[in-house]
Amino acid sequence: MIELVSEDRCTGCDLCVQVCPTHVFDAVPGGIPVIARKSDCQTCFMCEAWCPVDALYVAPFADEETAVDEAALVDGGLIGSYRRTIGWAPGTRGTAIDLSYRLLRG
Amino acid sequence: MTSSRHSDSLQADVLVIGGGPAGAWAAWQAARDGASVVLADKGYVGTSGATAPSGTGVWYVPPEPVARENALASREALGGHLADRDWGRRVLDQTYENLQRVADWGYPFPVDDQGVQRRTSLQGPEYMKLMRRVVRQVGVTVLDHSPALELLTDGDGAVVGARGIHRQGEVRDWTVRAKAVVIATGGCAFLSKALGCNVLTGDGYLLAAETGAELSGMEFSNAYGLGPAHSSVTKSAFYRWATFRYADGSLIEGAGSKHGRSVIARHLQAGTAVHALLDLANDQERRDARSAQPNFFLSFDRIGIDPFTQQFPVTLRLEGTVRGTGGLRLVDERCATTVPGLFAAGDAATRELVCGAFTGGGSHNAAWATSSGTWAGAGAAAHAKADGADAHGRAARSEARAALQGGRALDSLGLIEAVQREVLPYDRNLFRDPVTLRDSLVRLDGYWEHLQHATAGTPADRLRAREAAAMVATARWMYRSALARDESRGMHKRVDRPASDPAQRHHVLSGGLDAVWTRAHRTAAHAQPLLAEAA
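Just so you know, the sequences run in chain order A and B. Position one of the first sequence corresponds to residue 1 (this note's numbering), numbered consecutively onward. Position one of the second sequence corresponds to residue 1 (this note's numbering), numbered consecutively onward.
These aren't lab readings, by the way, just hints derived from the structure by calculation. Heads up, the beta-carbon is just placed ideally off N, CA and C, and yes, glycines get one too. Each hint should be verified, as a subset may be incorrect.
Unchecked claim - Just so you have them, the derived chain B footprint on chain A, three or more residues with Cβ under 8 Å:
no., segment
1, 7-14
2, 33-45
3, 55-62
4, 68-82
5, 96-103
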């Protein structure tokens, strides 16, 4: 579930508040969004994919909260890794080539 | 379309409720046919639903007669011979046409070594972002975070709109008067946290049933998605390469992803951890897999596991009717329900017409979503056109029958957990028997009764309360249908009736709220000889 809104990276654009399908974030006037309803997070990674500055981190644990260390996530290349993989990060557009057709029948 | 900023009151020809792929296609088609359209989703059109975070195969078969016939024939036995070939052909035709549109809109389909675009797979984030863009381009009014809580009908019982709330910021009510409504709210996975499924709580079934709509195939509602135990990512395609093992690494006899899921479930039920290791994939497959399903690997990369070389515990999460085939009954090729002015598309509608009694998995559902969305959108637009200019002036009344107006405060979360105790366990839902089904129904009927005397507290609680009510209602239709189908067929497994009964080659229809009913329904497709008999 969602574990991090990075104070360093977040620009306060509130896009995550809009795009989260289960309404987990609340906008804060003059501030960055807060994780207001963490238990409603469905671990779908959509907020991470849409965040334009890689300020969010969704831990892979669906049913339990975990502590995260932002510096370690950055060092490990995990922050923003989903956005890069699907070709939504700057400089990665068009690099995500779907090879499903080689593996799976339609 | 006109709107009033102060009252949040809108008028449109067509209201589409639910903004996953089926709803987006319905809205796009209705707008293209000249209708004014409002598309309301309880989340965000572009991320909401099972498709956006997933990516999916698509049942896409070029119009070559042999390939088409093979595609249709391949599923018939698996689906318990309930599917209808005419619907299957229509879906293949429409899907082929629609994916051409998706390509024209700029979706980056991969190109193979022969320079041919391969359209058998869609990456969810890209696909649904694109659908959000195209529906807005054709003038659809998109209402995000705006769940519908009740339908409106006129004096003759025809659906003429809906009411709901905007749930972000200060909660406000909205009303949309429409000449036709499309339900595209997806299936029901009972908040199991299967990937993208927690917005799918059966809301549209309840809205529709409150106006008298019928359901079909609700016994085909016990799909479970295989995934890492810690994770939401119930994408099971790559488990074709898996061996299943005990904690000590020894093989579990008979366990498998496609055939042998029951063995996995039995072990999990007994409290025995089941591990998977994707050791059957070759080197090329290991390389290609990452680009095919990026999010499959997120759950592993983020805990430092290589699923090809290190075994990991798995679980089965309920996907209910999302990957089941039951849903709102359709009565014609426009995807009309039994209620005038009300249409249904995608996972909210029955998929028995194309998949019969067994989940078609993502690819059939994706093809069904785009096809049925197109037909429901066209049907709703045509209905609106025929309805005349004065339709918005007719009196409308609320059809919310899940009363939620009593004196007692409703503990929605407690009620949701109580429903989950009836539908999540494998020994109640995956493996069914009449004694256990009736045992659950006694409590589920009690929960419904309880709802009639309860009230949701704050405006924000009204959505959760409606979701709880929809889940109670869905579970009751599921289990009454599971009792009515006194045999095993497709995904519906009755331990007391392990075989299929040729006399039950029919649909089980259901409906009703205070009193749930079921009835057998045989169509012309069911009178045709089975392929094996004909051969």
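Structure-based check of each hint:
{"no.": "1", "hint": "7-14", "result": "violated (count 0)"}
{"no.": "2", "hint": "33-45", "result": "holds (count 5)"}
{"no.": "3", "hint": "55-62", "result": "holds (count 4)"}
{"no.": "4", "hint": "68-82", "result": "holds (count 3)"}
{"no.": "5", "hint": "96-103", "result": "holds (count 8)"}
Hint 1 from the list above is the single one not met by this structure.
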